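Colleague: One letter stands for each residue in the lines below.
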Amino acid sequence: MTTPQRPILLNSCARAATAEEARFRIDRPIGGRAALVLALDDEAADVVDRVAEKPWRGARFFHAGDVPFSQLEAELADADVAIMIATADADGEVAAALARACAERGIMTAGLILGEQLEVAGAVSALRPYARNLMVTSDEDDVAEVLTALRA
Amino acid sequence: MLKTEINELLTHTGPGTPMGELFRRYWIPALHAEELPENDCPPVRVKILSERLIAFRDSEGKYGLIDEFCAHRGVSLWFGRVEERGIRCAYHGWKYDVTGQCLEVPSEPENSNFCSKVRLTAYPLVKVGDILWTYMGDREQQPGLPEFEFAQVPAEQTYTSKRWQESNWLQALEGGIDSSHVSWLHSGGLKSDPLFKGTKGNEYNLNDLRPFFEVAEADGGLFVGARRNAENGNYYWRITPYVMPSFTLVPPRGDHPVHGHFWVPIDDENTWVYTFDYHPTRSLTPEERQAMIEGHGVHSRNIPGTYRPMENKDVDYLIDREAQKRGETFSGVRGIAQQDASLQESMGPIVDRTKERLVSSDTGIIKARQKLRKAVEALRDEGVMPPGVDPAHHRVRSAAIVLPQEQSFIEACRDDLRARPGVAHTSV
Ligand code: FES
Ligand SMILES: [Fe+2]
Chain A
14 MTTPQRPILL NSCARAATAE EARFRIDRPI GGRAALVLAL DDEAADVVDR VAEKPWRGAR
74 FFHAGDVPFS QLEAELADAD VAIMIATADA DGEVAAALAR ACAERGIMTA GLILGEQLEV
134 AGAVSALRPY ARNLMVTSDE DDVAEVLTAL RA
Chain B
53 MLKTEINELL THTGPGTPMG ELFRRYWIPA LHAEELPEND CPPVRVKILS ERLIAFRDSE
113 GKYGLIDEFC AHRGVSLWFG RVEERGIRCA YHGWKYDVTG QCLEVPSEPE NSNFCSKVRL
173 TAYPLVKVGD ILWTYMGDRE QQPGLPEFEF AQVPAEQTYT SKRWQESNWL QALEGGIDSS
233 HVSWLHSGGL KSDPLFKGTK GNEYNLNDLR PFFEVAEADG GLFVGARRNA ENGNYYWRIT
293 PYVMPSFTLV PPRGDHPVHG HFWVPIDDEN TWVYTFDYHP TRSLTPEERQ AMIEGHGVHS
353 RNIPGTYRPM ENKDVDYLID REAQKRGETF SGVRGIAQQD ASLQESMGPI VDRTKERLVS
413 SDTGIIKARQ KLRKAVEALR DEGVMPPGVD PAHHRVRSAA IVLPQEQSFI EACRDDLRAR
473 PGVAHTSV
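Quick mapping for you: the protein sequence lines, in order, are chains A and B. The opening residue of the first sequence carries number 14 in this note's numbering; numbering runs sequentially from there. The opening residue of the second sequence carries number 53 in this note's numbering; numbering runs sequentially from there.
In isolation and in its complexed conformation, chain A is listed as follows (with noise of 0.2 Å):
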């Protein structure tokens, strides 16, 4: 073990670990996320279309049933974050193009899925291979919570 240093002034040790150090941090703009939300189905649509009506930084949202997917694949151009909506009905088969693409560009997937445990198995296993991070709830709320914790 090497011997532990005399730091010479208090910020350059743990101990600068206080409220009053934290002053000290650089403070600047945070950049956020570029996040391409996406439902997967109807009822999900209707979900987006309620998140959607708030103030977000760059968050852009769209149906699957009602975009063209070279749109999407366009869209994805600038996304850092593709964020998948379903409920109970969610199509398998968008989620795997989707990721597909996401994969060949390197953008990371998530999945939230709306609904009772039970009720949403089939989405769960449908969409499991194809979101990196999935979150099944019956809140529809966590939409905009996740939304928000990424800044998106």
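If you're looking for bench data, these hints aren't it; they were derived computationally from the structure. In this text the structure is predicted, and so the values were computed from the model without any measurement. Positions of the beta carbon are idealized from the N, C-alpha and C atoms, including for glycine. Among these hints, one or two may not hold up.
Claimed, not checked - BS3-like cross-link-like pairs, simulated, lysine-lysine; straight-line CA separation at most 30 Å:
no.	chain 1	residue 1	chain 2	residue 2
1	B	K365	B	K377
2	A	K67	B	K407
3	B	K407	B	K365
4	B	K99	B	K426
5	B	K365	B	K249
6	A	K67	B	K426
7	A	K67	B	K252
8	B	K147	B	K169
9	B	K147	B	K99
Claimed, not checked - Anything over 10 Å on all C-beta distances counts as not near chain B; from chain A, calculated:
no.	residue
10	E34
11	S83
12	D91
13	A101
14	E117
15	R145
Using the hints provided, position chain B with the ligands relative to the given structure of chain A.
Modeller: Showing chain B with the ligands alone in chain A's frame:
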């Protein structure tokens, strides 16, 4: 990212704060039982949820947890004498029992009943397992005693340690929910720690550094599943339960004992971490117990006579740059517990969550915060009993299991995630 108001809502737990009110609905650890080893032993100063208290064990073995300061002129009862069913203040001899009731005011006439009008705040203190638990809320709402499995199994099957962490409780808890750091920060321990090494699960852990995560709701909190690739297209799942407000279990490894933590706010800038290891069906071996005492596994190596880890912020956590270079430890800090604590303390006493850049693998943390916020608001605005109060919610287990791709861990493991007395845990 959290807004400043929400960060404050979740991190402040003193009397009268909404989060403090939430914590006061649960039985929470107040002391390690070893701190009051016998009747009439010296009293112990305890601070939890920003309240200063004194704990003592009277001549009949009853535990008391009362206001630290004497009603007469505010002297600390830590100097008091524990004798004949009470604690007597060292200054003028006022005496209190475990309910905080004043029994004697020696300066008053012998037939005075003035003392019956003096009572200090007192909370129940009950031993379950190796822990003395307290309930600091409204007596009418007091729930049944804790039923966490680690505290229910016979004494030979369980071990609990305690350490002081110099940070807010929430950033400590978040470390327990976030299993994505294990393959990094604790990679050294997976290979060498006597309480971890030599299991199949570790290979999966170290071979696949990019787990997929799945978060599911549980009655008392959450289950966070992390899956990695196993053979033949199967998945290796590690499932971490979180029981509100601040209990987490680590998924098991082979036949090693299972461990977990209870994170208890001392005040807004300090936390007691109770760390346990238990085996549901067998006694801990002498070697395992010794390893835990020495601070292996998830336990800490404390300065003798204290609950302060040797690797603490005053000594830069004894960081060993050569061990870091050799890859024995990822951060240079010895021991899983202080690897976590050193990083969490470095964030500052209460981390400024307005500045974070969370990623989607932080979903477990995002969801846990959301559940806490909703529970705090529901309690404050509508008096709704929060998840995790009902002792039935305590009877959960962690699990490590290999499953076919299409299976949902939450359904395949329904039984494995329940505490079942006498049945071994599910582990790889
Ligand atoms: S201050 Fe305690 S008896 Fe006087
Ligand atoms: Fe850790």
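Colleague: Would you mind marking each hint as holding or not holding in the structure?
Modeller: Taking the hints in turn, this is what the structure says about them:
no. : hint              : in the structure
1   : B/K365 <-> B/K377 : holds (21 Å)
2   : A/K67 <-> B/K407  : holds (21 Å)
3   : B/K407 <-> B/K365 : holds (23 Å)
4   : B/K99 <-> B/K426  : holds (27 Å)
5   : B/K365 <-> B/K249 : holds (28 Å)
6   : A/K67 <-> B/K426  : holds (20 Å)
7   : A/K67 <-> B/K252  : violated (47 Å)
8   : B/K147 <-> B/K169 : holds (13 Å)
9   : B/K147 <-> B/K99  : holds (21 Å)
10  : E34               : violated (8 Å)
11  : S83               : holds (25 Å)
12  : D91               : holds (17 Å)
13  : A101              : holds (14 Å)
14  : E117              : holds (17 Å)
15  : R145              : violated (5 Å)
Checked against the numbered hints listed earlier, the structure breaks hints 7, 10, 15; every other hint is satisfied.
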